[in-house]
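Number of protein chains: 2
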Amino acid sequence: MTEYVEEERSNALLKSELRVKDRVAIIGSGNWASALSIIIGNNAKKYACFEDTIKMWVYEEMIGDRKLSEIINTEHENVKYLSGFRLPENVVAVPDIVDVVSDATCLVFCIPHQFLPKVLSQIKHHVVPGTYAISCIKGVDHDENGKLRLITGMIYDELNIDCSILCGANVANQIAAGEFAEATLGYRVRDHAEKLQVLFNTPDFCVTLVNDPVGVEFCGSLKNVIALGAGFVDALGYGSNTKAALIRIGLMEMKKFAKMFYKGVKDNTFFQSAGVADLITTCWGGRNVRCAEAFVRTKKPWKQLEEEMLNGQKLQGTTTCKEVYDMLINSQMDAEFPLMVMIYNIAFRGFDAKCILEGCRAHNGTLMSPYAMMKE
Amino acid sequence: MTEYVEEERSNALLKSELRVKDRVAIIGSGNWASALSIIIGNNAKKYACFEDTIKMWVYEEMIGDRKLSEIINTEHENVKYLSGFRLPENVVAVPDIVDVVSDATCLVFCIPHQFLPKVLSQIKHHVVPGTYAISCIKGVDHDENGKLRLITGMIYDELNIDCSILCGANVANQIAAGEFAEATLGYRVRDHAEKLQVLFNTPDFCVTLVNDPVGVEFCGSLKNVIALGAGFVDALGYGSNTKAALIRIGLMEMKKFAKMFYKGVKDNTFFQSAGVADLITTCWGGRNVRCAEAFVRTKKPWKQLEEEMLNGQKLQGTTTCKEVYDMLINSQMDAEFPLMVMIYNIAFRGFDAKCILEGCRAHNGTLMSPYAMMKE
Numbered sequence: 001m002t003e004y005v006e007e008e009r010s011n012a013l014l015k016s017e018l019r020v021k022d023r024v025a026i027i028g029s030g031n032w033a034s035a036l037s038i039i040i041g042n043n044a045k046k047y048a049c050f051e052d053t054i055k056m057w058v059y060e061e062m063i064g065d066r067k068l069s070e071i072i073n074t075e076h077e078n079v080k081y082l083s084g085f086r087l088p089e090n091v092v093a094v095p096d097i098v099d100v101v102s103d104a105t106c107l108v109f110c111i112p113h114q115f116l117p118k119v120l121s122q123i124k125h126h127v128v129p130g131t132y133a134i135s136c137i138k139g140v141d142h143d144e145n146g147k148l149r150l151i152t153g154m155i156y157d158e159l160n161i162d163c164s165i166l167c168g169a170n171v172a173n174q175i176a177a178g179e180f181a182e183a184t185l186g187y188r189v190r191d192h193a194e195k196l197q198v199l200f201n202t203p204d205f206c207v208t209l210v211n212d213p214v215g216v217e218f219c220g221s222l223k224n225v226i227a228l229g230a231g232f233v234d235a236l237g238y239g240s241n242t243k244a245a246l247i248r249i250g251l252m253e254m255k256k257f258a259k260m261f262y263k264g265v266k267d268n269t270f271f272q273s274a275g276v277a278d279l280i281t282t283c284w285g286g287r288n289v290r291c292a293e294a295f296v297r298t299k300k301p302w303k304q305l306e307e308e309m310l311n312g313q314k315l316q317g318t319t320t321c322k323e324v325y326d327m328l329i330n331s332q333m334d335a336e337f338p339l340m341v342m343i344y345n346i347a348f349r350g351f352d353a354k355c356i357l358e359g360c361r362a363h364n365g366t367l368m369s370p371y372a373m374m375k376e
Numbered sequence: 001m002t003e004y005v006e007e008e009r010s011n012a013l014l015k016s017e018l019r020v021k022d023r024v025a026i027i028g029s030g031n032w033a034s035a036l037s038i039i040i041g042n043n044a045k046k047y048a049c050f051e052d053t054i055k056m057w058v059y060e061e062m063i064g065d066r067k068l069s070e071i072i073n074t075e076h077e078n079v080k081y082l083s084g085f086r087l088p089e090n091v092v093a094v095p096d097i098v099d100v101v102s103d104a105t106c107l108v109f110c111i112p113h114q115f116l117p118k119v120l121s122q123i124k125h126h127v128v129p130g131t132y133a134i135s136c137i138k139g140v141d142h143d144e145n146g147k148l149r150l151i152t153g154m155i156y157d158e159l160n161i162d163c164s165i166l167c168g169a170n171v172a173n174q175i176a177a178g179e180f181a182e183a184t185l186g187y188r189v190r191d192h193a194e195k196l197q198v199l200f201n202t203p204d205f206c207v208t209l210v211n212d213p214v215g216v217e218f219c220g221s222l223k224n225v226i227a228l229g230a231g232f233v234d235a236l237g238y239g240s241n242t243k244a245a246l247i248r249i250g251l252m253e254m255k256k257f258a259k260m261f262y263k264g265v266k267d268n269t270f271f272q273s274a275g276v277a278d279l280i281t282t283c284w285g286g287r288n289v290r291c292a293e294a295f296v297r298t299k300k301p302w303k304q305l306e307e308e309m310l311n312g313q314k315l316q317g318t319t320t321c322k323e324v325y326d327m328l329i330n331s332q333m334d335a336e337f338p339l340m341v342m343i344y345n346i347a348f349r350g351f352d353a354k355c356i357l358e359g360c361r362a363h364n365g366t367l368m369s370p371y372a373m374m375k376e
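These protein sequence lines are chains X and P, in that order.
Take the first sequence: its position 251, counted from the start at 1, is 251 in the numbering used here, and no numbers get skipped.
Take the second sequence: its position 285, counted from the start at 1, is 285 in the numbering used here, and no numbers get skipped.
Just chain X, same shape as in the assembly:
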């Protein structure tokens, strides 16, 4: 009997909550934001807990003689960052960021992380009370002491709202094309996570909830450092054994790093899409691998490779690599992370790329067996 009453009450609560639908805003309109807007737009139409219309903040630019926002709103295609894919008509491009956030109750952040501080200061006084957020931003920032700053932490600190994170083996164009993929949603507040799962999940985009936002966020940034190592291995022409070993050792150092610097990070997170799966794809075909391979082959500086190979985009592995190295040196933990330190040494201190194997071998340790002590 008690249970029945409880249920009644919870349904009533739910219905009253659902009377106020969440208004979702997407902050960003690049390749990944545009791909996600297809999913978000369609799910907002499908589920009753969201308003249909999704405002998407577009950093205005001219495409020929037309504004990008106008093109998106008339042709429903982001011709610059996701050409060839139709965006849902309920996704509305808006160039004024204050307009975008001032009536939103759910903010989806998806911009390059270096633009985040400015955006946060612009919207700070316009966020509706009770709003929650999710970061789909890849990468991390760092404070003046060289310590990594989590994106979700920056959003929380600046806006004082709960912020989850979405991360996984997600090449944007493949998602836009509707190919099957998984993603991991790291959350602090379960109720927000359940709404966000409804917003992002589709039969071909499987979103798993993990109560470990920090672990998920670290996976998303540290993988790019390991991918540099994978690029070095590719450039040297080593085979699949070596590459698999590097990826595995990299995953172990990622786990150790996250657990060492932040309490509560869980082993299981590294088995999720944001962990092992994203690391695999990133090490097999991402921009960090390609640039790192070219770095060894051509001996060109990173800046030049970025300009020549990335069409204006930034290489995140190198930035994160510096930040990780600084943290390890500052905390005198560098000896515990021989692979990540060696990736830094090759990328920034002129070490030969072949030294990458020393970063792996260091995990072999001295054989402690007494049988190893006695040699012929």
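Hints listed in this document are in silico derivations from the structure and should not be mistaken for laboratory results.
All figures in this text were calculated on a predicted structure; none of them were measured in a lab.
Even for Gly, the Cβ is constructed at its ideal location relative to N, Cα and C.
Please note: incorrect hints may appear among the correct ones.
What the hints assert, rightly or not - Taking CB as the label site, the calculated pair distances span:
| no. | chain 1 | residue 1 | chain 2 | residue 2 | range |
| --- | --- | --- | --- | --- | --- |
| 1 | P | G64 | X | G178 | 52 to 58 Å |
| 2 | P | E308 | X | G285 | 25 to 31 Å |
| 3 | X | T298 | P | G178 | 52 to 58 Å |
| 4 | P | G285 | X | Q313 | 53 to 59 Å |
Said to hold, decoys possible - Simulated crosslink set (BS3-like; lysine-lysine; CA at most 30 Å straight-line):
| no. | chain 1 | residue 1 | chain 2 | residue 2 |
| --- | --- | --- | --- | --- |
| 5 | P | K256 | X | K256 |
| 6 | X | K45 | P | K354 |
| 7 | P | K354 | X | K256 |
| 8 | X | K263 | P | K303 |
| 9 | X | K263 | X | K300 |
| 10 | X | K256 | P | K259 |
| 11 | X | K266 | P | K354 |
| 12 | X | K266 | P | K256 |
| 13 | X | K259 | P | K67 |
| 14 | X | K354 | P | K266 |
| 15 | X | K46 | P | K266 |
| 16 | P | K266 | X | K256 |
| 17 | P | K322 | P | K147 |
| 18 | X | K259 | P | K45 |
| 19 | X | K259 | P | K256 |
| 20 | P | K259 | X | K263 |
| 21 | X | K266 | P | K259 |
| 22 | P | K147 | X | K266 |
| 23 | P | K266 | X | K259 |
Position chain P relative to chain X; hints supplied.
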């Protein structure tokens, strides 16, 4: 003071043990056995706890007008199974299996698993008391009830000696070439494992000890089933998101399967080289992936593909897939393993390869959030 005495005693014990050196025999001389014989031969010369001479059992065959064993013993090259690599001179090819085992105290099994029962019955009455073993055999067997039989278990049952297992991301020719790789050694008896680590470990072949022989052995066989799924995905032309998702879901089902059927299997084993790293390499370039891709593209039966593509070698993924399926059906656990069941359905029941995505999607589950219940 007590500690000092303890140490004295343990050194004395060690020295007395080392007066009797282990005599290592390699049972098998195929591609993998020959690659391992390079490492084993060199380490036996280097470490005092092993006799220099390593007998290697060769299933005798004629290469032109010469015996394979004679070629190995005069030219120190296994011209048929590992051509182009020099074997250490202390590795001696012996065609008589009883001769090989009758003075050995450490047996390294490295033959195709289907030959194991016969070999075990041949050597059963010739094994020296106190001998220990290690299996480098890939694959599993099954008993009359369709239940998987572990190779280490078969060796223990038949010979009544402790048997460890070695497994990892180890393409034989890359190991023979000295490329960096890792391997996992699953053990029951620590003392044997420490000797075996000394026998196998080199700076470029990092052997990690794990007290979970069953987990290691399951990794080594179940990966081949998942690799079939990876081949289906390749044949369909899906991108890296999908392949990474399949590999990750496959790893989760491998872990669940091993833990369900055998107690004591550890999560951490799946982070080792035998787990995630071997699965990655196997899904990116092994024979199971290649044949599974051809199976979808050409619609030829498995037997024909084996003959055309594998030069007489057997495809292990298909055999293991049947065994796994039988076990799941017999124990009514098939609903818990949608990916492995779907791989079977595609491989043996005429299901369209595209159904592989259903095996992945099934892990998505119904959204349990109340927010998902109310649709527009």
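Evaluation of the provided hints:
A hinted range of 52 to 58 Å for the beta carbons of P/G64 and X/G178 is consistent with their spacing of about 57 Å. Under the hint 25 to 31 Å, the C-beta atoms of P/E308 and X/G285, about 30 Å apart, fit the expected range. A hinted range of 52 to 58 Å is violated for the C-beta pair X/T298 and P/G178, which are about 27 Å apart. The given range of 53 to 59 Å is broken by P/G285 and X/Q313, whose C-beta atoms sit roughly 30 Å from each other.
For a cut-off of 30 Å, the pair hint linking P/K256 to X/K256 stands: about 24 Å separates their Cα positions. For the hint linking X/K45 to P/K354, the alpha-carbon distance of about 28 Å falls within 30 Å, and the restraint holds. Proximity of P/K354 to X/K256 is assessed by CA-CA distance (about 38 Å); at most 30 Å being required, the pair is judged violated. Pair hint X/K263 plus P/K303 does not hold up; C-alpha atoms about 53 Å apart against a cutoff of 30 Å.
Of the pairs offered as hints, the one joining X/K263 and X/K300 is violated, with about 39 Å between alpha carbons and a cut-off of 30 Å exceeded. Proposed proximity of X/K256 and P/K259 is supported: the alpha carbons are some 25 Å apart, at most 30 Å. The straight-line distance between the Cα atoms of X/K266 and P/K354 is roughly 34 Å, outside the 30 Å bound, and the hint therefore fails. Of the pairs offered as hints, the one joining X/K266 and P/K256 holds, with about 18 Å between alpha carbons and a cut-off of 30 Å not exceeded.
For the proposed pair X/K259 and P/K67, the alpha carbon gap of about 57 Å is over 30 Å, so the pair is violated. The hinted pair formed by X/K354 and P/K266 fails the criterion: a straight-line CA distance of about 34 Å is larger than 30 Å. Restraint check for X/K46 and P/K266: the C-alpha separation of about 42 Å exceeds 30 Å, so the hint is violated. Among the hinted pairs, P/K266 with X/K256 is consistent with the structure: their alpha-carbon atoms are about 18 Å apart, no more than 30 Å.
Proposed proximity of P/K322 and P/K147 is supported: the alpha carbons are some 11 Å apart, at most 30 Å. Pair hint X/K259 plus P/K45 does not hold up; C-alpha atoms about 42 Å apart against a cutoff of 30 Å. The suggested pairing of X/K259 with P/K256 holds, with an alpha-carbon distance near 25 Å, which does not exceed 30 Å. Straight-line distance between C-alpha atoms of P/K259 and X/K263 comes to about 28 Å, which keeps the hinted pair within the 30 Å bound.
At most 30 Å may separate the alpha-carbon atoms for a hinted pair to count; X/K266 and P/K259 meet this at roughly 20 Å. Pair hint P/K147 plus X/K266 does not hold up; C-alpha atoms about 34 Å apart against a cutoff of 30 Å. About 20 Å separates the Cα atoms of P/K266 and X/K259, which keeps this hinted pair within 30 Å; it holds.
Of the numbered hints stated above, those contradicted by the structure are hints 3, 4, 7, 8, 9, 11, 13, 14, 15, 18 and 22, listed in ascending order.
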